[in-house]
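> All chains, full assembly: derive it from the sequences and hints.
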Amino acid sequence: MVTFLRRNCKIIFVANFREVYPLRFKIFITYVLLFFFAFTHSPSSANEMVDSKIEITHDVTGQIKLLSEEQINYIKLLKGNQYYATSIDDKYWGIQIGNGNIIIPKQYTTIVDGDLIKNTATSQVEVISIKNASIYSEPTRHSKEIAQLVKDMRISTNGLNGNFYEINIGGQKGYVHKWDVQVDNGIPILIYHHLVVDQENSIFKDSTSVYDIDLFKEQVKYLKENNYFTISLKDLDLWMQKKHTLPGKAVALTFDDANLSVEKLVYPILKENNMHATTFVIGNRVKEEIQTFNMNSFQFAGFNELRNILDVFDLEYHTYAFHEFNSKTGRSILQDASPEEFLEDFVNSKNVIKTVDSSLEPSYFSYPYGKYISKYEAILLQSGVSLAFLNKGGKATIDSPRFYVPRVPVQAKMTLDDFINAIQN
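Residue numbers (the numbering used here): 10 to 434.
Just so you know, these hints were derived from the structure itself, not from any lab. Certain hints may be false.
Stated by the list, open to error - Below 30 angstroms or equal to it, Euclidean Cα-Cα: the simulated DSSO-like pairs (lysine-lysine) are: (1) Lys187 with Lys74; (2) Lys401 with Lys422; (3) Lys422 with Lys258; (4) Lys273 with Lys233; (5) Lys140 with Lys160; (6) Lys243 with Lys401; (7) Lys404 with Lys280; (8) Lys252 with Lys273; (9) Lys252 with Lys363; (10) Lys74 with Lys243; (11) Lys337 with Lys214; (12) Lys273 with Lys401; (13) Lys226 with Lys187; (14) Lys363 with Lys296.
Unchecked claim - Derived Cβ-Cβ restraints for the label pairs, each shown as a range: (15) Thr66 with Asp223: 50 to 58 angstroms; (16) Val134 with Ile212: 45 to 53 angstroms; (17) Glu281 with Asp366: 16 to 24 angstroms; (18) Gly403 with Ser77: 20 to 28 angstroms; (19) Gly171 with Arg340: 47 to 55 angstroms; (20) Ser347 with Lys226: 41 to 49 angstroms.
Even for Gly, the Cβ is constructed at its ideal location relative to N, Cα and C.
Below you can see the structure in the form of structure tokens.
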């Protein structure tokens with residue numbers, strides 16, 4: 010014991026807590042340090058990396074880039090306007106717009122002297138353009154048009170100024186009319202499990218968590234024909250950190266459990282349509298042997314099958330050994346695990362994923378059965394988890410709690426109309 014005296018009041022400090030509860034002490038210190046770091050080391054914005062002021066010499070379309078390297082036309086910057094820009098390489102400038110950045114070719118710009126007043130306001134409202142929307146220099150349609158936001162694009166704004174949303178564009182303020190945009194209701198993160206052919210005539214006819222592959226094909230067709238982008242969880246993560254811009258028609262496809270049907274049925278469809286997805290892996294069910302696929306049982310992708318899908322799927326944490334449910338208590342066994350067991354489960358899960366491919370660095374976690382344990386947030390942090398996902402709750406917003414990110418479940422007999430309603434803004 011260590012005793013401190015202050016104005017005749019005795020304060021007792023248990024000095025041997027670290028020895029009695031070594032893991033809990035380590036978790037506590039980790040949590041405190043990460044909490045402190047978050048508030049004292051905020052990420053640098055593009056405004057802090059400015060190296061030039063440029064003028065647009067020809068109308069030019071700025072693009073955003075997903076982690077898949079897919080480039081998307083985002084905004085047209087009109088001739089004669091000046092912005093702060095960061096040199097990316099010999100050919101491109103980066104310009105901050107809202108929370109994200111666009112790239113434009115240097116050939117349509119010139120470097121100019123002088124200063125712009127940097128706009129340091131923080132974003133307050135996310136909106137999505139419902140048309141090719143004019144952006145003005147002042148909050149009136151009678152002012153100069155400086156840019157045009159492409160239809161169906163997300164943008165972070167500083168809130169309403171009269172009838173106009175205020176936007177930060179490369180150190181300048183721009184204004185888009187509220188009738189040309191709609192408030193962003195969030196990004197649908199769809200959750201699937203096992204998929205089968207002809208569910209109506211399978212043993213999973215009455216299972217809500219199993220879905221018919223033909224209905225899934227209809228969904229993929231709809232996404233493609235209506236210009237949706239299947240984003241990675243890293244794209245989502247950066248957007249939620251307010252470091253990244255995403256298109257308005259963004260959707261994330263996630264598959265819990267890494268069932269063998271993901272490799273046999275889902276993977277070929279997504280690959281053919283150049284789409285991206287994530288599967289959350291149950292570590293102790295990943296085996297070396299190659300299995301004969303049987304849709305009428307719950308099988309799990311092995312090491313070879315998981316390697317086969319890496320050009321389409323990211324592999325992330327579900328659990329190693331705690332994918333069991335106690336129907337009497339209504340709890341998953343993970344909820345009753347000790348801190349030591351929970352931490353060890355992450356270590357084992359990571360070993361499995363890195364056995365699939367040593368370059369993989371899992372950063373995202375799906376709670377088994379959606380059952381979470383708020384007291385173990387520190388272990389998620391210690392294990393390098395950046396986002397943790399529920400199995401219901403609706404769309405994810407830019408301000409969703411990072412360890413309780415909601416998803417949209419795709420359940421048996423969900424019609425195409427139901428699906429469309431679930432993903433539309």
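> If a hint holds in the structure, say so; if it does not, say that too.
How the hints compare with the structure:
no. : hint                                   : result
1   : Lys187 with Lys74                      : 26 angstroms, holds
2   : Lys401 with Lys422                     : 17 angstroms, holds
3   : Lys422 with Lys258                     : 24 angstroms, holds
4   : Lys273 with Lys233                     : 21 angstroms, holds
5   : Lys140 with Lys160                     : 4 angstroms, holds
6   : Lys243 with Lys401                     : 20 angstroms, holds
7   : Lys404 with Lys280                     : 25 angstroms, holds
8   : Lys252 with Lys273                     : 36 angstroms, violated
9   : Lys252 with Lys363                     : 28 angstroms, holds
10  : Lys74 with Lys243                      : 12 angstroms, holds
11  : Lys337 with Lys214                     : 25 angstroms, holds
12  : Lys273 with Lys401                     : 26 angstroms, holds
13  : Lys226 with Lys187                     : 36 angstroms, violated
14  : Lys363 with Lys296                     : 14 angstroms, holds
15  : Thr66 with Asp223: 50 to 58 angstroms  : 53 angstroms, holds
16  : Val134 with Ile212: 45 to 53 angstroms : 48 angstroms, holds
17  : Glu281 with Asp366: 16 to 24 angstroms : 23 angstroms, holds
18  : Gly403 with Ser77: 20 to 28 angstroms  : 25 angstroms, holds
19  : Gly171 with Arg340: 47 to 55 angstroms : 52 angstroms, holds
20  : Ser347 with Lys226: 41 to 49 angstroms : 44 angstroms, holds
The earlier numbered hints that this structure contradicts are 8 and 13.
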